[in-house]
Amino acid sequence: MTGSDASPSFTLAYVPGVTPTKWVRIWNERLPGVPLTLTSVPTDEAEGLLRARGADAGFLRLPVDRTELSAIPLYTEATVVVIPKDHLVAVAEEVTTADLADEILLHPLDDVLEWEELPGRPANERPATTADAVELVAAGIGVLVVPQSLARLHHRRDLTYRTVTDAPVSRVALAWPEDATTELVEQFIGIVRGRTVNSSRGPKPPAAGRNEAGGRGAGGRNGGKPGGGRSGAAKGAAKGSSKGAPKGSSKGAAAKGAPRGAAKRGKPRKRP
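Residue 1 is where the sequence shown starts when you use our numbering, and the numbers rise one by one after that.
To be clear, the hints were calculated from the coordinates, so they are not data collected in a lab.
We put the CB at the ideal spot given by N, CA and C, even for glycine.
Not one of these hints is a red herring.
Distance condition first, Cα-Cα at most 25 Å in a straight line; then the derived SDA-like pairs of lysine to any residue:
id : residue 1 : residue 2
1  : K85       : R157
2  : K85       : R156
3  : K85       : V95
4  : K85       : D158
5  : K22       : T76
6  : K22       : Q187
7  : K85       : D102
8  : K85       : L136
9  : K22       : G194
10 : K85       : A138
11 : K85       : H107
12 : K22       : V192
13 : K85       : D166
14 : K22       : Y75
15 : K85       : L105
16 : K22       : V112
17 : K22       : A180
Quick list of simulated restraints, FRET-style, between CB atoms:
id : residue 1 : residue 2 : range
18 : E93       : P32       : 38 to 48 Å
19 : Y75       : R51       : 18 to 28 Å
20 : G140      : T182      : 46 to 56 Å
21 : A92       : T196      : 37 to 47 Å
Kindly generate the complete structure, drawing on both the sequences and the hints.
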């Protein structure tokens with residue numbers, strides 16, 4: 001977190017399934033003097049953490065209460081059904097909710113999908129967490145429908161997953177407290193949105209090749225190499241001299257005064 005009496009730092013929260021590695025790497029390259037701390041937070045606690053200023057920003061799943069938080073939607077995940085590898089559904093590349101009508105659907109308390117109506121048959125009890133539900137799938141109790149990132153997070157060798165084409169989807173967003181849009185938050189927004197280091201909101205590299213008077217160095221555009229460019233005075237003198245000279249003088253006065261054909265070399269003519 002940032003503060004007036006503390007050295008700059010940045011805390012980034014993220015919910016299960018989100019992998020912020022790429023953005024953290026870019027942050028460390030661009031702002032090596034500002035340490036970034038990652039905080040994993042359960043999905044249902046992420047908004048509260050940001051409101052309490054427990055993190056500067058965070059990757060959350062939508063919807064997000066926009067009363068106090070700002071959010072930028074980033075991407076939408078595919079939804080999959082987690083099943084044993086020898087399950088009949090594993091034969092298909094993708095399925096629909098109708099294909100799960102005869103299955104016991106495990107519905108954990110921390111489910112992040114917004115169902116209008118659950119497919120399949122309900123289990124006797126709802127598992128407390130997605131991790132618990134995955135264990136029940138491995139035991140042959142039922143199947144589980146989750147965002148693909150959570151299926152990967154809880155991967156087991158004896159399980160697989162298939163895309164469910166008509167199931168609800170989960171969208172991931174970058175969120176932060178609206179009244180705490182600091183310069184560091186803006187920097188991170190720029191990284192997530194793919195802004196380059198030279199963009200208007202990105203960190204600016206120091207200006208090179210400027211002297212104390214604010215002009216270019218002696219080398220001008222040629223980076224200060226000796227003889228690399230003509231000075232303004234030299235250019236002006238050359239321009240003025242060319243204007244004052246008679247037309248055609250640039251082709252060489254000596255060439256005009258010479259006999260025709262003198263410039264050509266060949267065998268001398270024999271005198272009669």
